[in-house]
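> Each residue of the sequence shown is one higher than the last, beginning at 118 in this note's numbering.
Keep in mind that the hints were calculated from the coordinates and are not lab data. Hints may contain errors.
[To be verified] Straight-line distance between alpha carbons at most 20 Å, and here's what the computed DMTMM-like set of lysine to aspartate or glutamate pairs gives:
{"#": "1", "residue 1": "Lys763", "residue 2": "Asp658"}
{"#": "2", "residue 1": "Lys510", "residue 2": "Asp520"}
{"#": "3", "residue 1": "Lys585", "residue 2": "Asp520"}
{"#": "4", "residue 1": "Lys651", "residue 2": "Asp612"}
{"#": "5", "residue 1": "Lys584", "residue 2": "Glu758"}
{"#": "6", "residue 1": "Lys651", "residue 2": "Asp765"}
{"#": "7", "residue 1": "Lys458", "residue 2": "Asp383"}
{"#": "8", "residue 1": "Lys651", "residue 2": "Glu696"}
{"#": "9", "residue 1": "Lys502", "residue 2": "Glu596"}
{"#": "10", "residue 1": "Lys766", "residue 2": "Asp682"}
{"#": "11", "residue 1": "Lys430", "residue 2": "Asp477"}
{"#": "12", "residue 1": "Lys601", "residue 2": "Asp587"}
{"#": "13", "residue 1": "Lys458", "residue 2": "Glu374"}
{"#": "14", "residue 1": "Lys432", "residue 2": "Asp394"}
{"#": "15", "residue 1": "Lys336", "residue 2": "Glu324"}
{"#": "16", "residue 1": "Lys651", "residue 2": "Glu595"}
{"#": "17", "residue 1": "Lys632", "residue 2": "Glu760"}
{"#": "18", "residue 1": "Lys430", "residue 2": "Asp481"}
{"#": "19", "residue 1": "Lys411", "residue 2": "Glu374"}
{"#": "20", "residue 1": "Lys584", "residue 2": "Glu760"}
{"#": "21", "residue 1": "Lys585", "residue 2": "Glu329"}
[Claimed, not checked] Derived Cβ-Cβ restraints for the label pairs, each shown as a range:
{"#": "22", "residue 1": "Leu325", "residue 2": "Asp520", "range": "32 to 38 Å"}
{"#": "23", "residue 1": "Ser508", "residue 2": "Met328", "range": "49 to 55 Å"}
{"#": "24", "residue 1": "Pro718", "residue 2": "Lys418", "range": "27 to 33 Å"}
{"#": "25", "residue 1": "Met373", "residue 2": "Arg227", "range": "54 to 60 Å"}
{"#": "26", "residue 1": "Phe582", "residue 2": "Phe392", "range": "53 to 59 Å"}
{"#": "27", "residue 1": "Asp388", "residue 2": "Met631", "range": "50 to 56 Å"}
All C-beta atoms in this analysis are idealised placements derived from N, C-alpha and C, irrespective of residue type, glycine included.
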Amino acid sequence: RREFSSKLQNERIKKNCDDEDASTEMGEGLDEWAAAKTLIKPPDQLELTEAELKEEFTRILTANNPHAPQNIVRYSFKERTYKPISYVDQMAIHFSLNGNMILKDSDEGRCQNARLSTEAGKFIAAGEEEAEETGTAEAAEAAEAEELPPPRPKERKLANQFNFIERASKTLNNPLRDRACQSEPTPCKNFSATANQWEIYDAYVEELQKMEKSKEKEKPRAHIAKKEEKRRGRKSTSLESQSDDITKVSKAAKIMERMVNQNTFDDIAQDFKYFEDASDEYRDQQGTLLPLWKFQYDKTKRLAVTAISWNPKYKDLFAVGYGSYDFMKQSQGMLLLYTMKNPSFPEYIFSSESGIMCLDIHNDHPHLVAVGFYDGNVAIYNLKKPSSQPSHKSSAKSGKHMDPVWQVSVLFLSSNLLLFMWNLLCLQNELVHTDVIKLSVEGTTMQGPEGLQLQTFGCGTSFDFHKKIDYLFLVGTEEGKIYKCSKCYSSQFLDVFEAHHMAVDAVSWNPYHMKVFISCSSDWTVKIWDHTIKTPMFIYDLNSAVGDVAWSPYSSTVFAAVTTDGKAHVFDLSVNKYEAICTQVVVAKKKNKITHIQFNPVYPVVIIGDDRGHVTCLKLSPNLRRMPKEKKGQEVKKGPEVEIAKLDKLLNLVREPAGQAGR
118 RREFSSKLQN ERIKKNCDDE DASTEMGEGL DEWAAAKTLI KPPDQLELTE AELKEEFTRI
178 LTANNPHAPQ NIVRYSFKER TYKPISYVDQ MAIHFSLNGN MILKDSDEGR CQNARLSTEA
238 GKFIAAGEEE AEETGTAEAA EAAEAEELPP PRPKERKLAN QFNFIERASK TLNNPLRDRA
298 CQSEPTPCKN FSATANQWEI YDAYVEELQK MEKSKEKEKP RAHIAKKEEK RRGRKSTSLE
358 SQSDDITKVS KAAKIMERMV NQNTFDDIAQ DFKYFEDASD EYRDQQGTLL PLWKFQYDKT
418 KRLAVTAISW NPKYKDLFAV GYGSYDFMKQ SQGMLLLYTM KNPSFPEYIF SSESGIMCLD
478 IHNDHPHLVA VGFYDGNVAI YNLKKPSSQP SHKSSAKSGK HMDPVWQVSV LFLSSNLLLF
538 MWNLLCLQNE LVHTDVIKLS VEGTTMQGPE GLQLQTFGCG TSFDFHKKID YLFLVGTEEG
598 KIYKCSKCYS SQFLDVFEAH HMAVDAVSWN PYHMKVFISC SSDWTVKIWD HTIKTPMFIY
658 DLNSAVGDVA WSPYSSTVFA AVTTDGKAHV FDLSVNKYEA ICTQVVVAKK KNKITHIQFN
718 PVYPVVIIGD DRGHVTCLKL SPNLRRMPKE KKGQEVKKGP EVEIAKLDKL LNLVREPAGQ
778 AGR
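Given only the sequences and the hints, what does the whole structure look like? Please build it.
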């Protein structure tokens, strides 16, 4: 032990001496290197003072991309120079790594967990099988002598081809592919130009010149085109039939709708054709109106029925105009055409910017409907064209009325003192007007500037042309006067009737008698006139403002009137020339007013419109359309002569030699 400890001490002393010698050697070499080192400066180095060297500068870290281009420019068409772009995308991607981790709760993670659990179960089962094999080795050796049955091959599980999941190993799973790289890129073209007023004007002028040249080329080809159209008529019809599938579907749907409505309203249709009120035999010359259908449309609930007219060719079709009589509540208007075959929905629908105040259907061309608007314009709608806009319409350029058009027929009437006649020029596709007459009021003048006397004119509200004398017509005014006028005289009228105390709402010639006409007014009265006598033949007070009056087409002595209290009055002068034989409430609501009434030219029905947009169809009972009774051994005479004689017989009772008439 002593020898071993002495050896350790000697080794430690020797090691310390060696360390001291090495440190002295390194210290001496360091001093030599520091003394021999000299700083070398470049000749162009900037020499700074101690104050400048001690000055601190703040360093700012920015997110700008040093490799981003700073010299991108774009051409400015406004300034016509290249301008640098101030905003440059500074984003730089340094590293991008797509991870391969999967969420446990996702479908893919659950599938992997299930697969790992099944593999672990197979490993445990294999270990148990090895243990069983070692334990049963002895039993197997003992039974070698015995004959064993041939082992059965294990059944191989077939893979379910309907539950197959594609899985790759050690590769990128299901890489996305850009299919656009497999097709040719779309051609691109850069276009730049300037737009100003004169360039736009020049472009329009060039386009108009091209259109004019094309029209000039088409004129000589017109005759040839007509012949070709006849040849190609069959081909065009076949092409149109293929292209008009939608119209065929709409027609089929319309037919189905009519069939459904006929089945739904079968009882009303049977009443319309065959039902006659048997109680008329016990009413002593009184009749009734049987309600049949009520025509209404959702978009016309807040509009009033301003005009009604039956189609002269299709007796079950009628047109209804919608607008407003309140000048403070003017809105858009509508033109609807209904048929009694389909009371649930209109056949044709046309909308207008201004309210419709009147309408009339052409006798020879029943597909043309003339309409007068509240803003003074007139228009013609063509039912054969699918367009919802009028085929012809007046304008301020071609001429228009200054006030609402209150009635329309062969002539158009407005309350701006003039009666216009409009001619339809089919070649120019426009309406051209001609002044017919000015309704000047005699004996009334207005004081104008500088002492001038200005003549006053009447404001027309209604008019009607004679059924047989084509140049003779009547005009009713707001002042209550009725003017008998002629198209031959544009500055004078033939006669004036002091008819009513308020505006004349309607005036109508008798369809049979050439001298008789009827008028109604807001002064509660209905008057029957002979145009050769200035006093009325019959006067009827209906205790309310009368909105409309109409003669029946089947009798010269039957007419109907409607009042603002919601009642319809039917008169037959041959039965009772003092009172109505039927007065019936048609509109139940108190604030609802009846505006118009029209007889059907063939069927025993009338249609009545109100200011709520509803049109009601009613059937006349037998007492309201009574015909002359047959006498034994005598034939019943029929025809216009019989109707004229029947009305003349009544007029002779009230006519007086002095030309005055009483009730």
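> Which earlier hints turn out false for this structure, listed by number in ascending order?
Hint check: 1, 3, 8, 9, 10, 14, 21, 23, 26 and 27 fail, others pass.
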